[in-house]
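Participant: Just so you know, the protein sequences line up as chains A and B, in that order.
Just so you know, the first sequence maps onto residues 1 to 285 in the numbering used here.
Just so you know, the second sequence maps onto residues 1 to 290 in the numbering used here.
Errors might be hidden in some of the hints.
Derived contacts from chain A toward chain B, CB cut-off under 8 Å, selection only [to be verified]:
{"#": "1", "residue": "P21"}
{"#": "2", "residue": "S120"}
{"#": "3", "residue": "P122"}
{"#": "4", "residue": "E123"}
{"#": "5", "residue": "T132"}
{"#": "6", "residue": "P180"}
{"#": "7", "residue": "H182"}
{"#": "8", "residue": "L183"}
{"#": "9", "residue": "A192"}
{"#": "10", "residue": "V226"}
{"#": "11", "residue": "P239"}
{"#": "12", "residue": "V269"}
{"#": "13", "residue": "L271"}
{"#": "14", "residue": "G276"}
Simulated restraints on C-beta separations [what the hints assert, rightly or not]:
{"#": "15", "chain 1": "B", "residue 1": "R149", "chain 2": "A", "residue 2": "P208", "range": "36 to 42 Å"}
{"#": "16", "chain 1": "B", "residue 1": "W30", "chain 2": "A", "residue 2": "P145", "range": "16 to 22 Å"}
{"#": "17", "chain 1": "B", "residue 1": "T42", "chain 2": "A", "residue 2": "T53", "range": "45 to 51 Å"}
{"#": "18", "chain 1": "A", "residue 1": "G276", "chain 2": "B", "residue 2": "P205", "range": "49 to 55 Å"}
These aren't lab readings, by the way, just hints derived from the structure by calculation.
We put the CB at the ideal spot given by N, CA and C, even for glycine.
If you want the building blocks of each chain, they are given just below.
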Amino acid sequence: MSAAARPPFRLRRRIGRWVLPIYAAFAITFLTLPVIVMIIFSFNSPAGRSNLTWRELSIDAWLDPLGRPGLAEAVTTSVLIALLTTIIATALGVLIALALVRHTFRGKGIANLLIFLPMSTPEIVLGTSLLTLFIGSVGWTFLPPGVLYPLGFPTILIAHVMFSISFVVVTMRARLAGFPRHLEEAAMDLYANEWSTFWRVTFPLILPGVLAAAMLAFSLSIDDYVITTFTSGQTKTFPIYIFGAQQRGIPVQVNVIGTMIFLVAVGFVALSTFLGRRQQNAPGR
Amino acid sequence: MFAWLRRHPSATAYLLLAPGILYLALFYVWPTVGMFLVSLETGTIQTGYTQSWNFGVYPQVLGEYWGDFLNSILYGGAATLATFAIGFPLAWFVAFRGGRYKTLLLFLIIAPFFTSFILRTISWKIILADNGFLLGTLKDLGLLPDETRILATPVAVIAGITYNFLPFMTLPLYVALEKIPPSVLEAAQDLYADPLSRLRRVTLPLAMPGVIAGSLLTFIPAVGDFVNAELLGNPRTTMIGNVIQARFLKVSDYPTGAALAFILMAAILTGVLVYARLAGTEELYGARAG
C-alpha cells in the first residue's frame with residue numbers, strides 16, 4: 001500500500017470509531033426523550049388546562065397526585081384489573097408452558113398455534129372481536145347482566161387475561177427450556193410424590209421465570225389502551241382516562257402518576273437484575 | 001390419581017393445557033368466528049342487524065376504504081424501515097461495543113415500555129409542537145422557515161409509530177447479533193473483507209432471524225395502530241384502525257367494522273403463517289432465546 005493511500009484510510013477508521021457511538025446516543029435520546037419530557041412536565045404549573053407548554057416549576061401536582069375528579073377511580077380500576085389479570089393469566093399460562101415443554105401429546109401443534117395466533121393478531125382486531133361477542137350476548141338469560149353486557153370491569157378483565165396468556169407462555173417456555181430435570185427425578189427417587197415434588201422442587205426453581213412472566217402480564221395490562229377502548233363501556237382505566245382528558249387538556253397529575261409508574265417499574269427491574277446477579281454468583285451454581 | 005396419571009402421560013399434558021386453551025377458545029377463537037358472522041349481517045343500529053350472509057360487504061368495504069388500507073400499509077411499512085434504520089446500528093453497538101454498559105443500554109432501550117403508551121405519544125405532541133422545544137428552537141435559529149409544521153402530517157404519524165415500536169425491532173436484532181461469535185467477524189476481517197462487505201455478507205445474513213422477528217413485531221402492531229394517527233395526524237392521515245374504531249364506537253356500524261377488521265386480520269395472519277411455515281413458530285417469537 002502506498003503512503004498516499006494511508007491518511008484517508010486512517011480518517012475513515014477514526015470516523016468509524018465515532019460515528020456509531022454518536023448514532024447510538026441519538027437513538028437512545030430518541031427513545032428516552034418522551035419519558036424525560038413526561039417527568040419534567042410533572043413539575044409544570046400550566047396556565048390553563050393544557051399541559052403542553054412549559055410555564056413554571058411547581059410541586060403542587062406531586063402533593064396532590066389524585067386530586068382530579070375521576071382520576072383516583074381510574075387508577076384504582078387499572079391497578080385492580082392488572083393484579084387480577086396477572087394472577088389469572090400467569091396461572092393459566094404457566095400450566096400451558098409446563099405442558100408444552102415437558103410433554104409430547106397429540107394436538108401439540110394446534111396448542112402452539114393457539115398460543116401464537118393472539119400475539120400475531122393486531123390489537124384492534126382482538127378488541128373488536130371481543131366487542132362483537134359481548135354485544136351478541138345481549139339476551140343470554142343464563143348469564144347475570146353485567147358479566148358480558150353491559151360492558152365494564154368484568155369484560156375488561158376477560159380481555160386482558162386473553163391477550164396476556166400468550167406472553168406468559170412464551171416467557172415461561174424460554175425459562176423452562178434449561179430446567180434441571182434430574183433434580184425432580186432425585187426427589188421422586190427419595191419417595192416424594194408428584195405434588196410435593198412440584199411444590200418443593202419444581203416451583204422454587206421456576207419461580208424467577210414465573211415472576212418475570214407475572215411482571216410482563218402486569219405491565220401489559222396496566223398500559224393497555226387499544227383493546228380496553230372496545231371492552232370498557234363506561235368504565236375508565238388510567239389509559240382511557242388519559243386519552244379522554246387529552247381532548248380537554250391533560251392535568252399535570254397524569255404526568256405525576258405516569259412518573260410514579262415509571263419509577264416503580266424501574267425499581268422492579270433493578271431489583272430483579274440485582275437478585276438475578278446474586279443468584280448467578282451464589283455458590284453451587 | 002398420580003398413579004393413574006403416571007400410566008397416562010399425555011393425560012397430564014391435557015389437564016395442564018385445558019384451562020388456558022379453553023379460555024383462548026372461548027375468548028379468542030369464538031369471538032373471531034363471531035366477528036366474521038357479524039360482518040355478513042345487514043341492517044341499521046335502529047332496526048337491529050340480522051344475518052343475511054351478505055358476502056358482498058367485502059368487495060364493498062375494500063372499494064370504499066382502500067385508501068385507508070393503503071395509508072396503513074405505507075405508514076406501517078415506512079415506520080418498519082425507519083425502526084430498522086435506527087435499531088440495527090443501535091443493536092449492533094450494544095451487542096459488540098456495549099462492554100460493561102450493556103445492561104444499562106438495554107435498560108434505556110426498554111425504558112419507554114415503563115411509561116404509558118398514550119402518555120408517550122402525547123409527549124411527542126409536546127416535542128413536535130409548532131413552536132415547541134424542537135421546532136421552536138430550530139426556527140429561532142433560522143434553520144427552519146416559520147411556517148414549518150410536523151404535527152398533523154404523515155411524517156408525525158410515521159415518527160410516532162417508529163418511536164412506539166422501536167424497542168420491538170431493536171431487541172430481537174440485539175438477541176440475534178449477540179449470538180454471532182466475534183471470531184466469525186474476525187475471520188471475515190482476516191480474509192480481507194472490508195467493513196461494508198463484512199456487514200453485507202456475514203453480519204446481516206447471520207442476524208436474519210432477528211431482522212425477520214423484529215420486522216413482524218413492528219409491522220403487525222403498526223398496521224393496526226390508530227392511536228398515533230389520531231393523536232399526531234390529521235383527518236387525511238386516517239389509517240384503517242381509525243376507520244374500524246369509528247365504525248364500532250362512533251356510528252355502531254358493526255358489519256362494516258367487522259368486515260374491515262377481518263380483512264386486516266386475514267391479511268396479516270396469512271403473511272405471518274407463511275413465514276411461520278418457513279421458519280417455525282418457535283424461532284419467530286424468540287422461544288429459543290433463553
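Participant: Each hint: holds or not?
Facilitator: So, going through the hints one by one against the coordinates:
Hint on P21(A) holds. Least Cβ distance to chain B is approximately 7 Å, under the 8 Å limit. Restraint check, S120(A) versus chain B: the minimum CB separation of about 5 Å is within 8 Å; hint holds. The beta carbon of P122(A) is positioned within 8 Å of a beta carbon in chain B (closest approach about 3 Å), and the interface hint is therefore held. Annotation: E123(A) was flagged as interfacial toward chain B, and the flag holds, the nearest CB pair being 6 Å apart, inside 8 Å.
Using the Cβ-Cβ criterion of 8 Å, the hint placing T132(A) at the interface with chain B is satisfied: the shortest such distance is roughly 5 Å. Checking P180(A) against chain B by beta carbon gives a least distance of about 14 Å; that is not within 8 Å, so the hint is violated. The closest approach between the C-beta of H182(A) and any C-beta of chain B is roughly 18 Å, which is over the 8 Å cut-off, so the hint fails. The beta carbon of L183(A) is not positioned within 8 Å of any beta carbon in chain B (closest approach about 18 Å), and the interface hint is therefore violated.
Proximity of A192(A) to chain B is violated relative to the hint, the smallest CB-CB distance being about 11 Å (cut-off 8 Å). Proximity of V226(A) to chain B holds as hinted, the smallest CB-CB distance being about 7 Å (cut-off 8 Å). Contact between P239(A) and chain B, as hinted, is supported at the beta carbon level, the nearest pair being about 5 Å apart and thus within 8 Å. A cut of 8 Å between beta carbons decides the hint on V269(A): the least distance to chain B is about 7 Å, and the hint holds.
Hint status for L271(A): violated, given a least beta-carbon distance of 13 Å to chain B, over 8 Å. The interface hint given for G276(A) is violated, since its Cβ lies 10 Å from the closest Cβ of chain B, which is over the 8 Å cut-off. Our hint of 36 to 42 Å for R149(B) and P208(A) is violated, since their Cβ atoms are close to 49 Å apart. Between W30(B) and P145(A), the C-beta spacing of about 20 Å keeps the proposed range 16 to 22 Å intact.
A C-beta distance of roughly 49 Å is found between T42(B) and T53(A), which places it inside the suggested range of 45 to 51 Å. In this structure the hint that G276(A) and P205(B) lie 49 to 55 Å apart at CB is violated, the actual value being about 32 Å.
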